[in-house]
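K.L.:
Assemble the complex: chain A is given as a structure, and chain B must be docked to it using the hints.
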Amino acid sequence: MPEHAVATNEEWQVARKELLDAEKAHMRSGDDLARRRRELPWVPVEKEYVFETDRGTSTLAELFEGRSQLLVYHFMFGFGYRVDEENPGCTGCSLVADHFDGVIPHLNGHAVTLVAESLAPLEELRPYKQRMGWRFPWVSSGGSDFKHDFGAAFTEEQQRSHAEYNFREVTGIEPQREGMSVFALQDGVVHHTYSTYDRGVERFMGTYGYLDVAPLGRNEEGPADWWQRHDEYETRKKERR
Amino acid sequence: MPDHRVGTPEEWQAEREALLKEEKELTHRGDELTKKRQELPWVPVEKDYRFETSDGEKSLADLFDGRSQLLIYHFMFGPPYEAGCPVCSSIADSIAPQVPHLGARDTTALFSSRGPLEKLLAYRDRMGWEIDWVSTIGSGFHRDLGFFHTEEELGPFLESGEIPATVEQNAEMCGTDAAGYVAEGPGLSVYALDDGTVYRTYVTTARGLEGPAMAYYGLLDRTPKGRNEPPDEPLWVRRHDEYDAA
Chain A
1 MPEHAVATNE EWQVARKELL DAEKAHMRSG DDLARRRREL PWVPVEKEYV FETDRGTSTL
61 AELFEGRSQL LVYHFMFGFG YRVDEENPGC TGCSLVADHF DGVIPHLNGH AVTLVAESLA
121 PLEELRPYKQ RMGWRFPWVS SGGSDFKHDF GAAFTEEQQR SHAEYNFREV TGIEPQREGM
181 SVFALQDGVV HHTYSTYDRG VERFMGTYGY LDVAPLGRNE EGPADWWQRH DEYETRKKER
241 R
Chain B
1001 MPDHRVGTPE EWQAEREALL KEEKELTHRG DELTKKRQEL PWVPVEKDYR FETSDGEKSL
1061 ADLFDGRSQL LIYHFMFGPP YEAGCPVCSS IADSIAPQVP HLGARDTTAL FSSRGPLEKL
1121 LAYRDRMGWE IDWVSTIGSG FHRDLGFFHT EEELGPFLES GEIPATVEQN AEMCGTDAAG
1181 YVAEGPGLSV YALDDGTVYR TYVTTARGLE GPAMAYYGLL DRTPKGRNEP PDEPLWVRRH
1241 DEYDAA
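Protein chains in written order, with this note's numbering: chain A, 1 to 241; chain B, 1001 to 1246.
Be careful, since some hints might not be right.
Under 7 Å between C-beta atoms, here's a sample of chain B residues computed to sit facing chain A [to be verified]:
id: 1; residue: Val1006
id: 2; residue: Phe1064
id: 3; residue: Gly1066
id: 4; residue: Gln1069
id: 5; residue: Thr1107
id: 6; residue: Thr1150
id: 7; residue: Asp1194
id: 8; residue: Asp1221
id: 9; residue: Pro1234
Hints are computed from structural coordinates only; laboratory data are not their basis.
Don't be surprised by glycine CBs; every beta carbon is placed ideally from N, CA and C.
If we strip away everything but chain A, and leave its shape as in the complex, we get (with noise of 0.2 Å):
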């Protein structure tokens, strides 16, 4: 006998059912919060600023693609965000852009564009998009502010004094912290739109939906502690059951 309780198949019936009435009420607030993001007050990007792409450089507004709506992760790769020679880019973030190709074809059909943002050169982020197998835009903000203005990266002097992450006052900030910045384009103008940061992350990372219905949930003692690049797990394996 597993450690685990054991019931009969009626027994777990009830118990599931309790469940899926919680679970329904939390969807139903998720439901009304997606509203609420959609009723936030839209703010017109009056900065100007640049990125470099596959296909030469572009501004904000040439980000979209024709479509109305932006997604930029804020993907933390170079400039003081190294995690050593071999492995450039952040793990954490690695793991959310492995979600990226399977949406992006289903968002871009529904007139939402999703781009990554890095400050490293393309010449540094390409050989890593290789490896990883990615096909998803990834585009290098490091010719103007846009990482720093959307709070995904810090200066120095906000690494020793304090920082705003996540909408708060932070001390001892990284050089770069994940998030997601949203975009709308109307009448040739961006309005940023939304921003998350953090464990708002989450929601873009199936695997912990996945995890979060299956026997052992999370199974982590921070969230960190298992990441590896999906191409590592065999050689850096720290099995944990």
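P.N.:
For chain B alone, kept in the frame of chain A given last:
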């Protein structure tokens, strides 16, 4: 000016912070639900379900492939289908890239369908998914979880004259009719293997799939237009290689 309300950065910030407080509460309530899921009792699976796989016939216990947890997505691809359900295909787009990460967490993920294995694998190749897909021998496995319905059960729905446009559209995209299409149902079922016994721990369907398996909704829920699914229009979801044709 856009139709939408425009604000200053300070106004946006104040409203964003208020919303963040509630987002955090929702995340924490989600953590509590995860804990409750883990507290559900386990039910021993006593039937000997059999599956046809690319490595020959297997039992449910064999499907764990050396790990202690098994996630099965019940993919709507019945015997009369010529191609998999487009919505299940969008779910598969979310699941397939997770296989290495889930594997590292002692969890095997795979798809199960009632259609013949060669059709499933040919479709998998077309879609480029790197995940195991098994074909059930008999219909009991899907039937017992409520993911396969008989014609008799479906009669009232099929004869109601109120078949949603999304069902008609998806049936056509699968090369079958509404009756053939809705005989199958989508779902996720989860199992634990302990001392050689398989236990069913969790099952979910319908909107319960959105959280774990429909990653695009998590992203769309944070965009200005949201899901943008008017009730009088058929669902917008297509197979990932068919948007340009749509």
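K.L.:
Each of the hints needs a verdict: does it hold here or not?
P.N.:
Comparing the hints with the structure gives:
1. Val1006: 5 Å, holds
2. Phe1064: 12 Å, violated
3. Gly1066: 11 Å, violated
4. Gln1069: 5 Å, holds
5. Thr1107: At 5 Å from the nearest chain A Cβ, Thr1107(B) passes the 7 Å test, so the hint holds.
6. Thr1150: Interface hint status for Thr1150(B): violated (20 Å vs cutoff 7 Å).
7. Asp1194: Asp1194(B) check passes; min Cβ-Cβ to chain A is 4 Å, inside 7 Å.
8. Asp1221: Asp1221(B) check passes; min Cβ-Cβ to chain A is 4 Å, inside 7 Å.
9. Pro1234: 13 Å, violated
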